[in-house]
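One line per chain: the protein sequences are A and B, in this order. Sequential numbering from 0 applies to the first sequence in numbering that gives the first Met the number 0. Sequential numbering from 0 applies to the second sequence in numbering that gives the first Met the number 0.
Honestly, the hints are just simulated from the structure, not real lab data. Fair warning: there could be bad hints in the mix.
As the list claims (entries may be wrong) - Pair by pair, the computed Cβ-Cβ distance ranges are:
1) B:124 / A:248: 52 to 62 Å
2) B:158 / A:172: 40 to 50 Å
3) B:56 / A:43: 33 to 43 Å
4) A:174 / B:146: 49 to 59 Å
To be verified - Where chain A lies over chain B, by a calculated footprint (3+ residues, C-beta under 8 Å):
5) 26-33
6) 49-61
7) 72-84
As the list claims (entries may be wrong) - The calculated lysine-lysine pairs, modelled on DSS-like cross-linking and capped at a C-alpha distance of 27 Å, are:
8) B:143 / A:145
9) B:43 / B:102
10) B:43 / B:99
11) B:134 / A:145
12) A:103 / B:159
13) B:148 / A:103
14) A:145 / B:139
15) B:99 / A:103
16) A:48 / A:103
17) B:159 / B:102
18) A:103 / A:196
19) B:102 / A:103
20) A:103 / B:143
21) B:99 / B:66
22) B:43 / A:196
23) B:171 / B:139
24) B:102 / B:171
25) B:148 / B:102
26) B:159 / B:139
27) B:66 / B:139
28) B:143 / B:158
We treat Cβ as the ideally placed atom computed from N, Cα and C, and that holds for glycine.
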Amino acid sequence: MKIAIIFAFAGLLFSKQSVAQELFINTEPASNMPMRSYSIRLGEENFAKDRVFFTRTDLEFMYGFSSELMVDAMVHASNFYGNYSFNNFGIYAKYRLHTNDGFKSHFRIAAYAQAAFGTQRNTFADVELAGGNRGLETGLVFTVLKDHLALSSTLGVITLVPDVNFSQGIIFQKVANYDYSLSAGYLIYPAQYSNYKDLNINLYAELLGKYITYNKVETDMPGMIMSEHGTVLDLAIGPQFIINSISKIDLAIRSRLISGVEGFPTPSVLIRFEQMFYH
Amino acid sequence: MKTFIVTLLLAFAVSAQAQLISATVGVNGLTCSMCARGTEETLKRLDFIDTMWVDLNTLEAHITFKKNVNTPIEKIVQAVEDAGFSVRDITAIFNFQNQKIGKDEHVDFGNDVLHFVGIDNQTLNGPVALRFIDKPFVTKQEFKTWSMKTSMTCYKNNKKDSCCPTNVTESKRLFHVTLAS
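If we strip away everything but chain A, and leave its shape as in the complex, we get:
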């Protein structure tokens, strides 16, 4: 079924009906927002585990300092770690390094850094800066837009995770964590624009992966350290609705393809609203 969905989506991407979109749902493109514009995002990520409903709220404020530099300040609250409460906050900054624009096409490279500050510790080996661990992630984004296809890839390294995750006598000491993604987007409606009021419907498919290496320490056997590693790879698929070319509603269902280490439970559902402001 999953493979059928991927092939169906690939078929859409390579058909010649319309143009591509790069406002990805789960990742950021190498492009930035216009200078001196800002946006506010309010999102929720939900999943259920053992018949308990978990929800995390993300509130973000994004600002374009220049055409090259944008900054995203975010706060997260959830009931992932007990009662619904504040989890952590973070700052994400992205700088566009390379631009090669053409007619309805571009290739861009950006560098980004994300710092997350908080006190939460997961009960599993995976690292989650958005609403979980504290730490620093740095990386590069590569985005290609060519007529009917928008592709973007993120390669990042998560470092400086001072807190280790723990679970019932096991401590996960993080050694190295690599974050990677491949996203594709496609505009399915309208076939041709008439004005800004046209409702845009975009479809996205995103492969979201992490490679985690860590030391597993048994707390009742302090000398017992086991080096382990594994991959977590998720597929997120969802539509995006753009209203008046200024508001955005994202929906995405995320399911796990590879579960080499235990991560946040899936399937999860993302619902998010974003409003752009120009001044």
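Please arrange chain B on chain A, whose structure you already have, making use of the hints.
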């Protein structure tokens, strides 16, 4: 000899009695309506723009300008770049009054200088469409073609150069133009 060169350069430096009426600016690097709207909103911050709309299919901004105000072309290019995109091409309609031009004539236009390339001596009167032919605004083939039509290095190097007359001062932006066919 130096005096001769300075006199020659000054001879090319002409001040224009012209008004920018409208412009069509092609934008590169975007496809979506949200990106186009961001570009339009960024352009609208320019106080010398009167009206504008963006064709979402050709990705061209159609702009008209207020009368009797300074209309720096450079700020239009900068606004598109501030929105995160690039100018593909510019064609603008100027209203000239007995403006004498010729090959490699440098004409002052507010804070911009227009360097005419590949044209014969003539006098411009009334609305005239000019096409901007600087390297970023033409194809590679077109750039080669226009490069053959001027010996001035400022065009090939895409920046102010020693060939430029004295009116192309440090603070001015140099644009290369030709008559739009």
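Cross-check of the supplied hints:
Checked against the hint of 52 to 62 Å, the pair residue 124 (chain B) and residue 248 (chain A) passes, with Cβ atoms roughly 54 Å apart. Checked against the given bound of 40 to 50 Å, the beta carbons of residue 158 (chain B) and residue 172 (chain A), roughly 55 Å apart, lie outside it. Separated by about 35 Å at the C-beta atoms, residue 56 (chain B) and residue 43 (chain A) satisfy the suggested range of 33 to 43 Å. Between residue 174 (chain A) and residue 146 (chain B) the beta carbon distance is about 56 Å. The supplied range of 49 to 59 Å therefore holds.
Given as covered by chain A, the region 26-33 of chain B passes the check, having 7 residues with a CB less than 8 Å from a CB of that chain where 3 are the minimum. Beta-carbon proximity to chain A at under 8 Å applies to 3 residues in the region 49-61 of chain B; the threshold of 3 is reached and the given coverage holds. For the region 72-84 of chain B, the assignment as covered by chain A holds, since 5 residues bring a beta-carbon within under 8 Å of that chain's beta-carbons and 3 suffice. The suggested pairing of residue 143 (chain B) with residue 145 (chain A) holds, with an alpha-carbon distance near 26 Å, which does not exceed 27 Å.
Distance hint between residue 43 (chain B) and residue 102 (chain B) is unfulfilled; the C-alpha atoms sit about 35 Å from each other, more than 27 Å. Between residue 43 (chain B) and residue 99 (chain B) the alpha-carbon distance is near 33 Å, which puts this suggested pair outside the 27 Å criterion. The hinted pair formed by residue 134 (chain B) and residue 145 (chain A) meets the criterion: a straight-line CA distance of about 22 Å does not exceed 27 Å. Among the hinted pairs, residue 103 (chain A) with residue 159 (chain B) is inconsistent with the structure: their alpha-carbon atoms are about 30 Å apart, more than 27 Å.
Distance hint between residue 148 (chain B) and residue 103 (chain A) is unfulfilled; the C-alpha atoms sit about 30 Å from each other, more than 27 Å. The hinted pair formed by residue 145 (chain A) and residue 139 (chain B) meets the criterion: a straight-line CA distance of about 19 Å does not exceed 27 Å. For the given pair, residue 99 (chain B) sits about 38 Å from residue 103 (chain A) by alpha-carbon distance, which is inconsistent with the 27 Å threshold. At most 27 Å may separate the alpha-carbon atoms for a hinted pair to count; residue 48 (chain A) and residue 103 (chain A) exceed this at roughly 44 Å.
Between residue 159 (chain B) and residue 102 (chain B) the CA atoms are separated by roughly 17 Å; this keeps the pair inside 27 Å, and the hint holds. Pair hint residue 103 (chain A) plus residue 196 (chain A) holds up; C-alpha atoms about 20 Å apart against a cutoff of 27 Å. Of the supplied pair hints, the one linking residue 102 (chain B) and residue 103 (chain A) is violated, its CA atoms being roughly 34 Å apart against a limit of 27 Å. Distance hint between residue 103 (chain A) and residue 143 (chain B) is fulfilled; the C-alpha atoms sit about 24 Å from each other, no more than 27 Å.
A distance of roughly 22 Å separates the Cα atoms of residue 99 (chain B) and residue 66 (chain B); the hinted pair therefore holds under the 27 Å criterion. Restraint check: the Cα-Cα separation between residue 43 (chain B) and residue 196 (chain A) comes to about 18 Å, which is no more than 27 Å; the hinted pair holds. Under the criterion of a C-alpha separation no larger than 27 Å, the hint pairing residue 171 (chain B) with residue 139 (chain B) is consistent with the structure, at around 26 Å. Among the hinted pairs, residue 102 (chain B) with residue 171 (chain B) is consistent with the structure: their alpha-carbon atoms are about 20 Å apart, no more than 27 Å.
This hinted pair checks out: residue 148 (chain B) and residue 102 (chain B) have alpha carbons roughly 9 Å apart, not beyond 27 Å. Between residue 159 (chain B) and residue 139 (chain B) the alpha-carbon distance is near 20 Å, which keeps this suggested pair within the 27 Å criterion. Among the hinted pairs, residue 66 (chain B) with residue 139 (chain B) is inconsistent with the structure: their alpha-carbon atoms are about 35 Å apart, more than 27 Å. Between residue 143 (chain B) and residue 158 (chain B) the CA atoms are separated by roughly 16 Å; this keeps the pair inside 27 Å, and the hint holds.
Taken one by one, the earlier hints fail for this structure at numbers 2, 9, 10, 12, 13, 15, 16, 19 and 27, listed in ascending order.
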